[in-house]
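Chains L, U, E and W, in that order, give the protein sequences. Sequential numbering from 70 applies to the first sequence in our numbering. Sequential numbering from 70 applies to the second sequence in our numbering. Sequential numbering from 70 applies to the third sequence in our numbering. Sequential numbering from 70 applies to the fourth sequence in our numbering.
By construction, these hints were calculated from the structure, which means they are not laboratory data. Some hints here could point you the wrong way.
[Said to hold, decoys possible] Using C-beta positions, here's what the derived DEER-type ranges look like:
#, chain 1, residue 1, chain 2, residue 2, range
1, U, Gly-122, E, Arg-202, 28 to 34 Å
2, E, Arg-202, W, His-131, 39 to 45 Å
3, E, Arg-202, W, Ala-207, 47 to 53 Å
4, E, Arg-202, L, Asp-177, 50 to 56 Å
5, W, Tyr-244, E, Ala-386, 21 to 27 Å
6, L, Asp-177, W, Asn-79, 51 to 57 Å
Just so you know, even glycine gets a beta-carbon here, dropped at the ideal spot from N, CA and C.
4 protein chains.
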Amino acid sequence: MIIQLEEKINKKAKENIFVKINSLGYKTTEVKTHHGNYVVCIGKMEFDIRSIGSLAGVKDVHRVSDSYKLVSRKWKVEQTQIDLGNNVIIGGNDFTIMAGPCSIESEDQVRKIIQHLLSNNIRIMRGGVFKPRSSPYAFRGLGMQGLKMFNRVCRENGIKIITEVMQVSQVHEMYDYIDVYQVGARNSQNFNLLDALGKVDKPVLVKRGMSGTIDELLQSAEYIFSNGNEKLMLCERGIRTYENAYRNTFDLNAISLLKEKTHLPVIADPSHGIGIREHVSRMALASVMTGADGVIYEVHEKPEEAMSDGQQTLNFAESTWLINNLRKTFSLKESISIL
Amino acid sequence: MIIQLEEKINKKAKENIFVKINSLGYKTTEVKTHHGNYVVCIGKMEFDIRSIGSLAGVKDVHRVSDSYKLVSRKWKVEQTQIDLGNNVIIGGNDFTIMAGPCSIESEDQVRKIIQHLLSNNIRIMRGGVFKPRSSPYAFRGLGMQGLKMFNRVCRENGIKIITEVMQVSQVHEMYDYIDVYQVGARNSQNFNLLDALGKVDKPVLVKRGMSGTIDELLQSAEYIFSNGNEKLMLCERGIRTYENAYRNTFDLNAISLLKEKTHLPVIADPSHGIGIREHVSRMALASVMTGADGVIYEVHEKPEEAMSDGQQTLNFAESTWLINNLRKTFSLKESISIL
Amino acid sequence: MIIQLEEKINKKAKENIFVKINSLGYKTTEVKTHHGNYVVCIGKMEFDIRSIGSLAGVKDVHRVSDSYKLVSRKWKVEQTQIDLGNNVIIGGNDFTIMAGPCSIESEDQVRKIIQHLLSNNIRIMRGGVFKPRSSPYAFRGLGMQGLKMFNRVCRENGIKIITEVMQVSQVHEMYDYIDVYQVGARNSQNFNLLDALGKVDKPVLVKRGMSGTIDELLQSAEYIFSNGNEKLMLCERGIRTYENAYRNTFDLNAISLLKEKTHLPVIADPSHGIGIREHVSRMALASVMTGADGVIYEVHEKPEEAMSDGQQTLNFAESTWLINNLRKTFSLKESISIL
Amino acid sequence: MIIQLEEKINKKAKENIFVKINSLGYKTTEVKTHHGNYVVCIGKMEFDIRSIGSLAGVKDVHRVSDSYKLVSRKWKVEQTQIDLGNNVIIGGNDFTIMAGPCSIESEDQVRKIIQHLLSNNIRIMRGGVFKPRSSPYAFRGLGMQGLKMFNRVCRENGIKIITEVMQVSQVHEMYDYIDVYQVGARNSQNFNLLDALGKVDKPVLVKRGMSGTIDELLQSAEYIFSNGNEKLMLCERGIRTYENAYRNTFDLNAISLLKEKTHLPVIADPSHGIGIREHVSRMALASVMTGADGVIYEVHEKPEEAMSDGQQTLNFAESTWLINNLRKTFSLKESISIL
């Protein structure tokens, strides 16, 4: 059960609500975000929900049978929109396209990709400066120095930045230089990191774990929301199965289902999803028809020379082709009334 | 390596070819279909391929590095088309739609669904009369008697039939009453059945096994082709993963990849794929963008009363909506030059 | 619910029982085996079970809440024993060891392996004559001619035969030449084959499917039992997972669980299970501690020259070592009162 | 390639070695631990390895073809032993048993379990104070306060502590209160945490990720080792598969394989592995036969009242039975010369 409190609720009324809820046998958690003030009530009691709804200071009350609460569509039917400023909105009327290299490599690389993005009217660039790598001996990214350069060049060009955060201490370190924090698949259940991201007011994209369930992904988002940050979006990036013909099994079922279960925007990552350059575009287009609010994919001037993930990275020509056709496909999808 | 023989090759020339190939250390299998006469050569020898190409009676010769040979796109680049007669062609210029109930239940049921199909200009009906069921106590289909009725009503209405064959003895039993044999997921590696289907001249749709790899699916098709039947198509129907939020994990990556690897038409089965009625249509539309040549899905006048698979079966209104939008989506996909 | 009927029940009493059961709303299936006469009742009705137990002709009646019935331990607590004659009993007081090559290759090969088995006091030999192979171009076994030779040499030496049956027509063809039919992983849900095996009176070993669940394996056994054959045993042979460090993931959890769920003997197949020669013995010994009633593994005079599966086949020295230690381990396990 | 340097190597000689290695085209990482000084060389060059071995200051040099280096058995054949003091050694001649509750709940609970452990001569207790939970609303452990109490009571009784560390800041915070850090499945690829654990001198147990490969687990250990800590052990705790009959699929294949691939001790966690109380003991005994150096399992005075994981927790009687039989089984296993 979720209780939305009135903005200007007084202390007395609030206490009264907690007394009532606790007396019913529920465990309560108060959540304050920039958008609202909620009481999440855990338990499964039988009672007349109107007895809560009629209390002073209660704006609204909803039963939510899902294991996750605040991220559920059961209490918030309208889609969450995330405004990055300068008319860049995720989850709104447009299909969001985010693109960029796997790793930030150099200022020259960043400038060339920004040029490509601007010429296609793309406003959000991805690029890793902290890279999770299976081997300790592999390239692990340019770090904060790289991020500062990345930020400087993007700011010059009106480009927003999404990049991966790997640990709690980086949340504050990176804060001034990014627009969206990305939580990678390996950190999808790094609960301390999720807690910390709940305490800042910048948007977060949470990727599904390598073998994460839909439910676990939503619970990870619930961690962030319940700590106070509701600027959230989810990302499908392929799961681990027995099939070795692709890097991962990009799971479009997840996108279709998430759109039903949650009010958060859902982003597709076909680059990691299928992991084969020649198939990234098809999968990206398919994701539109399953209801994705946007895509994030890897692009590089010369994929074969990229410092990481070259095998799944598009070149500029392929990327331009994809952007054009994503827009056509989204337009078709929007014209189909009920989906 | 695949050698295509001239149609009118004489005995002497053929012997000469086999002597030459065997002397190179290859193991040979001669394959005769209604379309051609091939020699499949297994081995990895180093030699000048022109020494084969120049032999009398050799039409063409191709190296095929894949583990499967005759179904590989490495030797046959143009797409295979399957003509069911009366201008019903699978793998041609149109997107193929096959629909019908999970199980054939009654003449009345069949007539109503045919009415629905005809009104949407659909010409191929699916419907099981032999049902593989996990439990021996579950409904196992109406059998041959049901098939005969199904066939009679379809013939009256110019509708083609695709239905599942479960064992060798049924191949001949069913022959006169069907247009396409369907090999289900559980029989995807029933090699005796595949052998038997290679010896008839009716089209076969082979479904991917419940945890079948792309390679295994192509090898299963190779069984049929190498026994003499090249009227083949493949079907993605969802794989088994750890995720329980859907019945299966419908794997659209497979469709995209199969279109690269093989010249056979590829069909999507979103009903079994995701297994949830509300999500079947989205996944069907997505499959178009990954390159599917057609879909097969479940439809019933009253899904909630269906004798099996009701939870993944569309009603007539949903089905009509889907058909219209499949056509729009296919038309968009066709208009995008390179995919 | 399972009703066991008296052996000499008269027609009138039987009719009376069916009338009663059907009136309660159950769907009934009568099953006659060489051991008993059962009525399997499908449904979930509320009533006093004593009203059935007190009917004339009823020997016993049990509620079985599992989806499978006759193979459940819920009605038959004592372990099923399978007597192959000449004091060779599976599921009895001894740990059963079955060994032999992947494929029967020649009389010489068979004789050498029999010599090895006899010198270790092993009485059951495995060996395939019909081989399911992913590729149609691979060696598919010596067929019936090979089986006849295999049978002749085994009979000479007092050795019992277990070998794979792949299709319905082989059930009768092989009948005179084998002691135990083996249903392979790919045919674990070949329901027509299971039906046919239910109609003979020779023992059947059913392997778990490549990604078969415990429940599906038990249901497959239920197919055979409900057709009249209760000489059944189950076999764990590794499942398909994302891990590629081994051929399959040998799932010992399954053995422990099956021993709780069913009264049928459970056999471990570590050769296919892990698929790496150096690790077969360890896994075999581990299977004893999980409660396995026996093992089946691959042995060959010269594994590196075997026509199939050489990489997972033990040589004679390794096999002798394993047999000795299986016996020691089983003896320890038996000495531990409750397991 | 791994170069072990002489303990008292002089600066000049060291420089000389690096110059030589770099000139061969290798990328080098110097690693200093409490046990040795290594140079890990990444690359695949052809040259005479003796030209390195003969350099001044080089103790030994080994080619290691695995993707992981320092944890590989290819350069260090003898088993790593971890001495916790007071004759508690992991990876030595005895089988290590670690047991305790899922969560530390109260001093009374800790005292009762310690009593149970002491009466069975067990010297290492597990127990979580920081609990990773899917839902933010679930019990997340008693935290540092709980750890201090846990530590106090254990020290009084001569019991060593293993407990989970979840983030970098906890590494130092927990240092004085624990004997072994445990990295949980969800943090198996939390590379920042692994880096930090490499910089302390207390032992670390690394659990396999929920769908982690053998290779990834070894690479995670390599992170810690290459940061300077070689007091490492690995833990198999069940993987995620399609099978839902158990919580996880406890993968004993992994233990057998890890014992071949690495010199680090390998610990089995059957409680999380199969996740069903009635089957934990069998799986624990089986793990001994696959070569495990020890087990870690959950025990509680009243499992049904445990604050977490009660369904997989043994009571004291079951635990005593298990300990006795683990010892008998290990003794049998040791008596079998080659395994």
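* Hints not upheld, ascending by number -> 5, 6
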